[in-house]
Each structure stands twice: as C-alpha cells, then as structure tokens.
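Chain order of the listed sequences is A and B. Each step along the first sequence adds one to the number in the working numbering, with nothing skipped, and position 57 is 57. Each step along the second sequence adds one to the number in the working numbering, with nothing skipped, and position 363 is 363.
Don't read these hints as lab results, they were simulated from the structure. Errors might be hidden in some of the hints.
Unchecked claim - Incomplete in silico selection of chain B near chain A, CB under 7 Å:
1) 101
2) 260
3) 263
4) 264
5) 374
To be verified - Simulated crosslink set (SDA-like; lysine to any residue; CA at most 25 Å straight-line):
6) B:340 x B:216
7) B:341 x A:133
8) B:101 x A:137
By construction, the Cβ of each residue, glycine as well, lies at the ideal position given by its N, Cα and C atoms.
Read off the chains here:
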Amino acid sequence: MTASAGASAAELAGLGAVASSGAGGQDVLHVTRERYLEVARALRDAGFEMCADLCAVDYLRHLDRPVPENVGAERFEIVVNLVSLEHHRRVRLRVQVPEADPVVPTLFEVYPGTENMEREAFDMFGVRFEGHPDHTRILMPDDWEGHPLRKDYSVGRVPVQFKEAPGPR
Amino acid sequence: MTGEELKAETSEGLQELQERDETDPVELAIEEGSPRALPEGAVFPPGDIDVEFGEDETMIINMGPQHPSTHGVLRIMMELEGETVLRSKPIIGYLHTGMEKTGEELTYVQGATNVTRMDYLSPLHNELVFSLATEALLNIEIPPRAIWIRMLMTELNRISSHVLWMATNGMDLASTSMMIYGFRDREMILSFFEKTTGLRMNHDYIRPGGVAADLPDGWEDDVMSIVETIPGRVDEYDELLTGQPIFKRRTEGVGVISPELAIAMSATGPILRASGVAWDLRRAMPYLAYDEVDFDVIVGTVGDSFDRYAVRLNEIRESCRIVRQCVEKMPPGDYRAQDKKVTPPPRARIDESMEALIHHFKIFTRGFEVPAGEVYTAIESPRGELGCYLVSDGSNKPYRMHIRAPSFVNLQSLPPLLRGGLIADAVAVISSVDPVMGEVDR
Chain A
1 MTASAGASAA ELAGLGAVAS SGAGGQDVLH VTRERYLEVA RALRDAGFEM
51 CADLCAVDYL RHLDRPVPEN VGAERFEIVV NLVSLEHHRR VRLRVQVPEA
101 DPVVPTLFEV YPGTENMERE AFDMFGVRFE GHPDHTRILM PDDWEGHPLR
151 KDYSVGRVPV QFKEAPGPR
Chain B
1 MTGEELKAET SEGLQELQER DETDPVELAI EEGSPRALPE GAVFPPGDID
51 VEFGEDETMI INMGPQHPST HGVLRIMMEL EGETVLRSKP IIGYLHTGME
101 KTGEELTYVQ GATNVTRMDY LSPLHNELVF SLATEALLNI EIPPRAIWIR
151 MLMTELNRIS SHVLWMATNG MDLASTSMMI YGFRDREMIL SFFEKTTGLR
201 MNHDYIRPGG VAADLPDGWE DDVMSIVETI PGRVDEYDEL LTGQPIFKRR
251 TEGVGVISPE LAIAMSATGP ILRASGVAWD LRRAMPYLAY DEVDFDVIVG
301 TVGDSFDRYA VRLNEIRESC RIVRQCVEKM PPGDYRAQDK KVTPPPRARI
351 DESMEALIHH FKIFTRGFEV PAGEVYTAIE SPRGELGCYL VSDGSNKPYR
401 MHIRAPSFVN LQSLPPLLRG GLIADAVAVI SSVDPVMGEV DR
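One chain only, chain A, in its complex shape (with noise of 0.2 Å):
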C-alpha cells in the first residue's frame, strides 16, 4: 500500500500501525516489532526522507499506561521521530519491546543516520538492535555492567561529609 507523507495520521496507519496522538496533537503511529522494519520502510517511500531521532523509554513504573487498544503495553518502547522535509511534517513511531526479549530489527536499512541514536539505546536500555553493523556500547565504556537509563538502575549517591554519610542506595 503506498501513501504520502501529507496523509493523515489515520492513513498512515493504514501501512499498518494504529494511530493516536501526542500531547498538542502530534501524530503518533503505535507499531509492532513484526512490521516495525516494514512500516519505517513505507513511511521512507511515502516521503519521510529523514529520521530526526531514535530514542528508548523504560516503562517499568507504568507498565499500565494508556496505550490504545490492540496494543499491549510492555516495558520498553522505541521512539523514532520521522521528517518529511517536503511536506514539513513530522510522525512519531512507537514500538513496544518487551523485557524477556529486548531486540528489535535496525533501522540502519532504510535511515543509516540512526547508527548513533540506536548505539545510544542500547547502551543505556539494553534494547538490541538486530543487524546493526556496530552494536557497540558508545558513550558508556566498553567493560560497563548494566544500562544505566533503565529505571531499576541505582543512581547512587555521593557521601556528603557534613550528613551522616548514607550508604548506597
């Protein structure tokens, strides 16, 4: 099926994707991890030449969030910002990874410009990219242990001399 990147939100979900919207009424397109590729790919050709950014968020607090219906909530979920630079729009894609089994296919396919931004997930969620041509950790070093973006990751404590010192948290 092809589309235009000046469609409605609602027919761009027609490629396969249900459609909501974010706050001030930004067109969102909730996915799944089977058509991800597929659908990133469709929006490509519909004319959303450019991914802005590809971003993770860790769920775990608010595993019961309001997702529209047909869509289950799991605790990760991967946001890729799409441009069309003709027709000035934006649409974002919102991709529900669960725990037991954080991978989702690359999108270095169809946008290579998301090389950095998916090294960056996987690093601070642990979410991998499957196919990604370096699946490197990027700012973290190389020996780290953990992701530290998740939210079950400790975010420590420096001992202030002048307070009782607690321990780590």
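Here the structure of chain A is known, so what remains is to put chain B in place on it, guided by the hints.
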C-alpha cells in the same frame, strides 16, 4: 601488521581491525562510511579514491582525545595510507555525565539548569527546547513579551555561537587573528547576557512559563550597539578569510557531502544547508514568533567546508536582522505566564501575602505537577535540530527526558567527509562540523 595483531576478541565479538582482504566488501563500504541504503551513485565504492596502498602498509592512528583541534574530547580513529585517510571512526563518551539520568531526578523547575549545560556554546537554546516541551505538556500560553524576549536572546546566542565557531575554525586553519577577533565579539554578547541573566553562560534564564527576569533598563541601547557593531566586524572577517588564498585552498572542495547523503545521515543545521537543502526549522516549522520576522535561509551549493563557513558567516548577518526586528516589535507586558501553579510570585508579594509565600516555597521545593503525556519539540540551534522528547507520568519530575543533540547526530557524517582527504584537512573538516562535546556526550 600480522593478522593476529589486527584481531581482538572482546565481549561484543570480533572488533573491527580485520585485515582488508578478509573484510567483506559490503562491510568495508560501511566502515568507510557509505551507507547501504543510499541510491546508487551516492555510495562510495571501495577503491574510488586514487591511492595505491600495499597490503600491510596502512597505519591506524588515534587523533585525540587530547588533540587541540578536536574541539574537546573527541577521538577519531583513522586508517591512513601515507597522508590519505582511508577509514575513520569517531569515538565518543569521554565527557558523558549522565545528564539524561540527572534530568529524571530533577523537577521541571530545576530541569532548565541541567539541560543548559549540555551545549555550552548555545545554552539558551537548550533551555528553550526544554521549556517548550514542558509548556506543551502543561498546555499553557506564554505572553507575547516572553516569546519575543526568548527570540531576542536565542538569536543573540546564535551570533555568539557562530562567532566563536569562526574563531576556533580560524585557529584550526592557522588564522590566529580570527581567533582573537571572534572571542572579542563573543565577549560583547556574553556581557549583555551577564547583565540580563546574571551569568555569562549556563543562564537558567528561559524557564517553563516564560523567562526568569525582564530585560534590564536600557537594553535597547545595548542590543543595538551589538547589532550595529557585529555586521561591520563580519564584513571584516569576510575580507580577512573569504578571499584569502590560503583559507580558500584549505577549505574549498574539502569534506564534500551530497544532499542525499546528508539527509540519509540525519545531518541538520549548517551541514545540511551547505549541501543545498533549505531546511531550517525556524522557517519550515516555525516556533515562537519566527513566522512574524523576515529572514533568509542561507543555502550552500557544493557542501564543502567552505560552504559550511559561508553559511555560518551569513547566518550571523541574518540573526542580526532578526534581532533588530525583535527590538522594534518587542511588545510590552508580562515576561512570564501568570499561572500561579507554574510561576513563582514576585519577590515583593512574599512579604505581604501568606499565599504568595506558600506558592513560592512550593514551586522551588516541590515544583509543579505536569499532566501525563509525551511530547517531542524541536528548535533550530546553531548546530542543527535540537529536540527534546519529554515523557511525563503526572508527577513533578520528568519520567524520561531525552535530548536529541545535533552534534551527536552530525558526528556520524565525519567518516564520509574525511574519506579520501588528507590528514591535515581532517582538522578543517572536524572544525567545519562544529561538534560541541558537552552536547555529544551529555
């Protein structure tokens, strides 16, 4: 080098120093920076550059992280044949301080103080994008004066950032007088910032709900003296650098990127515009009141280092134009939203009213609650699209705050820009990408 020396088994598998003849051609192309997803013709075929290299004569060196012209702690691993760069790879993370994690621990009131430290050359843009995201979730209106003050301040910040870039770029290309001039001009703007916000950098001036303080008395004169001085100075720099044979030969045709490649690599800002794509968020998706001011989007043609220089030089002139219009059109009125849950009461009210005292105390200790939701806002920072993805769960702290840092994404364009060039040009190319490491690593 022998085969054994090139291979290193790590926890992530075999690392990249495979011998050339063993590397899969497609993989080699990717390492050299040519993305697979591009149309034919835009891809660099391996061996497109006119260099003879022996089987075992390439050299791998690290440039950085303490190299003076890498603009901070950027390390670039390069494979060289003589003086020609064959492959390169930026290695980052030396300045990582976990600011996104810190952002989840701070209230929305404190958040601007945190994000302002990311891109330390344009702190006001960081504050602006965070404030715009928070306001979108709060769904509050900002008074017109606050909007125009924000525009005035961020455009001045764009001038100071570009002027500093001119300075460091001049220094990288051995034009030390440009370095002195650039820092001199930036200081002029920073002293106005100090007068307005109290600090030269890391202002925490633009906050959710408006700005922290009104412009100081006599601000028109200060701003007008800046925008009357800068264009004349820019003309001097134009004369100093643009026609200068040494500068031209060091930048023209060096580090060329095609528009297709720039879009595919998600490059934004001067890199994308220098390659000929007129994409400026101030024009394409206007925020604040950019649809009410006149300015031109500067576009290059070739996409080389010289075009990136020319784009930034002329953006300084355009920013001066916008600043003049801000001075003319500055509306009177409040400089922050009169929403008692978001905006602290004026200092004078605290002595008179118990409610004001309570509100003041609540806002600065507990902060305000933001309705649950998620939003992505983006603005045009001096380096490109600066985005903020904010997720709120209804509490007083962001559940997730992600900053889409333009330098972080633009750095991906370095391998294709450096490929086939001389190592001495690498300095010019890195400088023309204008990475700010505080923002890259966050």
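Against the structure, the hints:
1. 101: The hint holds - residue 101 of chain B has a Cβ within 7 Å of chain A, the shortest such distance being about 6 Å.
2. 260: Given a least distance of 9 Å, the restraint on residue 260 of chain B is violated.
3. 263: holds, 5 Å
4. 264: holds, 5 Å
5. 374: This interface hint holds because 5 Å falls under the 7 Å limit.
6. B:340 x B:216: It holds: about 24 Å lies between the C-alpha atoms, which stays within 25 Å.
7. B:341 x A:133: Cα-Cα ~48 Å, so violated.
8. B:101 x A:137: holds, 17 Å
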